[in-house]
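Asker: Chain order of the listed sequences is A and B.
Each residue of the first sequence is one higher than the last, beginning at 80 in the numbering used here.
Each residue of the second sequence is one higher than the last, beginning at 80 in the numbering used here.
One or more of the hints may lead you astray.
Identical chains blur together in the list; that is why a pair holds if it fits in one copy or across any two.
[Said to hold, decoys possible] As a list, the in silico DSS-like pairs of lysine-lysine whose alpha-carbon atoms are at most 27 Å apart:
| id | residue 1 | residue 2 |
| --- | --- | --- |
| 1 | 194 | 368 |
| 2 | 220 | 174 |
| 3 | 227 | 174 |
| 4 | 364 | 442 |
| 5 | 194 | 371 |
| 6 | 220 | 442 |
| 7 | 371 | 141 |
| 8 | 463 | 193 |
| 9 | 458 | 194 |
Since the hints were made in silico from the structure, they are not lab data.
Chain by chain, the residues:
There are 2 protein chains.
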Amino acid sequence: MCGTDTEAANPVTAPHPNSASSPYQRVDDYLSNVSRYKIIESTLREGEQFSNSFFTTEMKCKIATMLSDFGVDYIELTSPVSSPQSYEDCKTICKLGLKSKILTHVRCNMDDAKKAVECGVDGVDLVIGTSSFLREYSHGKSMELIQKTALEVIEYVKSQGVEVRFSSEDSFRSDLVELLTLYKAVDKAGVNRVVDRNSGVADTVGGATPRMVYDLIRTLRGVQIETHFHDDTGCAVANALTGLEAGATHIDTSVLGIGERNGITPLGALMARMVVTSPEYTISKYKLKMLKDIEEYVASCVQVNIPFNNPITGFCAFTHKAGIHAKAILANPSTYEIIDPSLFGLTRYISITSRITGWNAVKSRVQQLGYTLTDDQIKEVTAKIKQMGDIRPLAVDDADSIIHSYNLALHQETVTA
Amino acid sequence: MCGTDTEAANPVTAPHPNSASSPYQRVDDYLSNVSRYKIIESTLREGEQFSNSFFTTEMKCKIATMLSDFGVDYIELTSPVSSPQSYEDCKTICKLGLKSKILTHVRCNMDDAKKAVECGVDGVDLVIGTSSFLREYSHGKSMELIQKTALEVIEYVKSQGVEVRFSSEDSFRSDLVELLTLYKAVDKAGVNRVVDRNSGVADTVGGATPRMVYDLIRTLRGVQIETHFHDDTGCAVANALTGLEAGATHIDTSVLGIGERNGITPLGALMARMVVTSPEYTISKYKLKMLKDIEEYVASCVQVNIPFNNPITGFCAFTHKAGIHAKAILANPSTYEIIDPSLFGLTRYISITSRITGWNAVKSRVQQLGYTLTDDQIKEVTAKIKQMGDIRPLAVDDADSIIHSYNLALHQETVTA
Chain A
80 MCGTDTEAAN
90 PVTAPHPNSA
100 SSPYQRVDDY
110 LSNVSRYKII
120 ESTLREGEQF
130 SNSFFTTEMK
140 CKIATMLSDF
150 GVDYIELTSP
160 VSSPQSYEDC
170 KTICKLGLKS
180 KILTHVRCNM
190 DDAKKAVECG
200 VDGVDLVIGT
210 SSFLREYSHG
220 KSMELIQKTA
230 LEVIEYVKSQ
240 GVEVRFSSED
250 SFRSDLVELL
260 TLYKAVDKAG
270 VNRVVDRNSG
280 VADTVGGATP
290 RMVYDLIRTL
300 RGVQIETHFH
310 DDTGCAVANA
320 LTGLEAGATH
330 IDTSVLGIGE
340 RNGITPLGAL
350 MARMVVTSPE
360 YTISKYKLKM
370 LKDIEEYVAS
380 CVQVNIPFNN
390 PITGFCAFTH
400 KAGIHAKAIL
410 ANPSTYEIID
420 PSLFGLTRYI
430 SITSRITGWN
440 AVKSRVQQLG
450 YTLTDDQIKE
460 VTAKIKQMGD
470 IRPLAVDDAD
480 SIIHSYNLAL
490 HQETVTA
Chain B
80 MCGTDTEAAN
90 PVTAPHPNSA
100 SSPYQRVDDY
110 LSNVSRYKII
120 ESTLREGEQF
130 SNSFFTTEMK
140 CKIATMLSDF
150 GVDYIELTSP
160 VSSPQSYEDC
170 KTICKLGLKS
180 KILTHVRCNM
190 DDAKKAVECG
200 VDGVDLVIGT
210 SSFLREYSHG
220 KSMELIQKTA
230 LEVIEYVKSQ
240 GVEVRFSSED
250 SFRSDLVELL
260 TLYKAVDKAG
270 VNRVVDRNSG
280 VADTVGGATP
290 RMVYDLIRTL
300 RGVQIETHFH
310 DDTGCAVANA
320 LTGLEAGATH
330 IDTSVLGIGE
340 RNGITPLGAL
350 MARMVVTSPE
360 YTISKYKLKM
370 LKDIEEYVAS
380 CVQVNIPFNN
390 PITGFCAFTH
400 KAGIHAKAIL
410 ANPSTYEIID
420 PSLFGLTRYI
430 SITSRITGWN
440 AVKSRVQQLG
450 YTLTDDQIKE
460 VTAKIKQMGD
470 IRPLAVDDAD
480 SIIHSYNLAL
490 HQETVTA
């Protein structure tokens with residue numbers, strides 16, 4: 080593999096050659112918040128629910144600090160009621176003086192809310208399940224009781240000068256009329272925004288689809304809306320985007336998506352999506368070059384590897400292999416790259432070591448190595464690389480050796496001729 | 080962590096308690112093909128373009144056989160023009176007598192098409208870039224020349240009694256009018272279906288969104304439509320679903336999504352999505368219990384780990400940790416699971432080893448260990464587990480030891496009392 084330094088227009092911010100005539104250009108939608116979305120980063124709450132997570136106080140402080148420097152709007156912490164150390168850590172993080180606001184996420188009852196306020200948080204997320212599944216098998220409360228409790232708790236939190244949000248868990252399996260009735264009551268009580276956290280518009284089980292999300296969020300329009308999407312069916316990033324298009328304002332993320340089961344919308348994948356959809360806002364608001372370090376630090380804390388196919392930071396996210404792709408990338412990276420890797424401090428690679436390698440990629444490598452060969456000679460040496468690539472996996476040294484040896488043989492011919 | 084055997088209705092196929100009243104139930108859409116989608120499995124074509132791939136003939140035959148047994152409709156192979164071994168392997172796989180049809184994927188020119196037909200494939204995918212990016216920087220051909228060549232090649236392939244498909248690469252950055260003009264001409268020539276492969280409706284660069292996909296595919300309705308989505312911005316699964324909802328008929332996948340860059344719609348993630356959207360069709364058509372073995376075999380061939388957060392087969396996809404989740408899951412798994420793991424031959428786990436563990440999960444473990452404790456005693460032992468969980472990561476043995484020791488102490492108190 081060889082790095083390239085090809086200078087070319089940024090595929091994200093450069094004007095598209097078709098922009099005047101293509102009907103695929105996103106039409107501005109008056110509901111859409113894709114150009115002013117906010118992030119509620121939940122690695123230290125949802126992420127603590129990931130199977131492998133055990134965060135020490137030191138890890139929590141470092142993660143919170145990195146996320147604040149990255150530019151997320153809110154950092155959400157595990158409920159201080161969960162354990163004595165959770166309580167202490169919540170207080171500690173509130174005292175760090177970070178740029179991001181600090182939230183905690185508690186059950187919708189007065190005891191939990193009081194503990195949260197005690198810790199000095201900027202905001203409290205109240206959460207309760209509203210689907211018949213959760214009402215029957217989790218807390219056993221009626222919608223009337225949920226509403227009554229919610230109003231009391233909201234009143235208390237507000238009286239303490241703390242921002243409050245109300246989240247209905249499992250929104251997508253809740254009854255729409257009941258849900259809207261509840262939101263209406265809560266909204267009158269002056270909650271800072273409608274939340275759909277582990278609900279509100281929270282897809283707690285990960286079963287929602289983009290069109291379901293669009294329809295529900297659009298129905299709730301007119302208020303601030305947070306969204307929370309689990310990734311059980313692989314739609315968490317697309318659902319977050321579609322939610323913004325329909326008028327949602329806040330997206331819950333965690334680093335690498337860590338959370339219950341296989342997790343939620345990953346911060347990095349969301350950045351990949353939003354740097355394409357809203358390049359100016361995303362590039363100016365978030366320190367994208369920090370992403371890799373943040374992911375690597377969290378991965379080391381929870382002892383996982385960065386997934387091989389992770390957007391942006393997966394080891395081959397900017398590697399091009401097939402001959403057709405490599406040829407065009409060398410001429411203009413926008414041909415096969417929707418994201419400019421340099422925005423994230425990364426580089427692209429062109430693989431020249433397989434049976435599907437094309438001669439244009441080999442030509443580029445030959446030039447990098449400082450040799451001058453004709454196109455016919457390059458096609459000949461490409462055939463040799465492909466022949467070897469049919470037999471076994473090749474390293475970049477192997478391809479280089481074939482090129483060196485071919486070039487040497489040429490010169491010897493010249494000398495002996 | 081402890082396995083549970085809770086008997087409960089399958090969350091996918093069981094009638095939803097809200098189904099009569101919930102407005103979120105998917106409304107049948109006359110364009111939608113979610114209940115009759117077909118899979119074009121491209122691990123042996125797109126997957127060969129993955130950075131780490133080097134498939135021997137033996138690996139290719141084993142992968143093709145597993146995929147055919149799994150139930151995919153088509154298996155797509157690397158162009159036989161790529162290398163001598165690619166040509167031989169294509170012939171070998173065609174002779175295996177698999178249930179799946181065998182396709183190969185070639186550049187839209189006569190030489191490549193002839194080589195493909197020689198190999199004995201059931202179908203040929205012709206591919207050419209139609210965006211201005213690819214026309215300028217890849218092949219340099221005008222739309223007129225593309226159309227002329229396509230018609231000649233299609234005519235030839237059809238005359239040989241071989242199925243033919245035509246794919247325009249980078250469809251989402253192509254001019255809509257030019258694209259429709261090309262499809263119309265090709266359609267008249269009698270191509271079996273409109274293809275959007277590395278195009279057609281191929282999102283070659285991974286930048287499309289669900290709503291873009293819905294709009295474009297709906298515009299092409301009335302013909303059979305294949306879709307191909309790259310995952311650079313994390314939307315490949317959602318885009319595939321939305322394409323089907325808009326009238327697409329075929330989805331390209333690869334095992335674990337392997338392909339150029341970070342790959343395409345993964346077969347497993349698509350199954351997670353479709354078993355929720357169309358349970359009857361998906362369960363009856365595909366041998367879902369083979370998924371894990373297929374993923375593990377391909378992962379070993381290309382030397383990657385299954386991503387920790389993979390839908391279904393990620394190590395913690397069915398692990399429940401937070402107290403609220405665990406309590407409800409024990410009462411009814413549908414509360415926090417949209418997919419029944421047993422459909423894939425897998426089981427769920429309830430974690431009881433952290434600071435966020437709840438007493439209901441501990442109660443279940445106490446019962447599994449054969450002890451009889453009161454709820455107050457269980458809350459006491461839960462506090463001890465949480466106390467330890469505040470200090471360090473716990474294994475399941477640690478939690479069990481705390482329970483054993485607590486129980487022992489109780490009995491000693493009784494004896495000495």
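Asker: My question is about residue 463 and residue 193: at a cut-off of 27 Å on alpha-carbon distance, are they close within one copy, between copies, both, or neither?
Answerer: Only across copies: residue 463 and residue 193 sit 24 Å apart there, 73 Å inside one copy, limit 27 Å.
Asker: At most 27 Å between alpha carbons: which applies to residue 227 and residue 174, within, between, both or neither?
Answerer: neither (33 Å within a copy, 70 Å between copies)
Asker: With identical chains treated as interchangeable, where does the CA-CA distance between residue 220 and residue 174 reach 27 Å or less: within a copy, between copies, both, or neither?
Answerer: Neither, since 36 Å and 63 Å both go past 27 Å.
Asker: With identical chains treated as interchangeable, where does the CA-CA distance between residue 371 and residue 141 reach 27 Å or less: within a copy, between copies, both, or neither?
Answerer: within (15 Å within a copy, 36 Å between copies)
Asker: Evaluate residue 458 and residue 194 at a C-alpha cut-off of 27 Å and name the case that applies: within, between, both or neither.
Answerer: Intra 72 Å, inter 20 Å, cutoff 27 Å: inter-copy only.
Asker: Using 27 Å as the alpha-carbon threshold, which applies to residue 220 and residue 442: within, between, both, or neither?
Answerer: between (70 Å within a copy, 22 Å between copies)
Asker: First find the shortest C-alpha distance between residue 194 and residue 368 inside one copy, then the shortest across copies, and answer within, between, both or neither for a cut-off of 27 Å.
Answerer: neither (37 Å within a copy, 46 Å between copies)
Asker: Is the C-alpha distance from residue 364 to residue 442 at most 27 Å within one copy, between copies, in both cases, or in neither?
Answerer: The answer is neither: 40 Å in one copy and 47 Å across copies each exceed 27 Å.
Asker: Between copies, within a copy, both or neither: which fits residue 194 and residue 371 at Cα up to 27 Å?
Answerer: neither (35 Å within a copy, 44 Å between copies)
Taken one by one, the earlier hints fail for this structure at numbers 1, 2, 3, 4 and 5, listed in ascending order.
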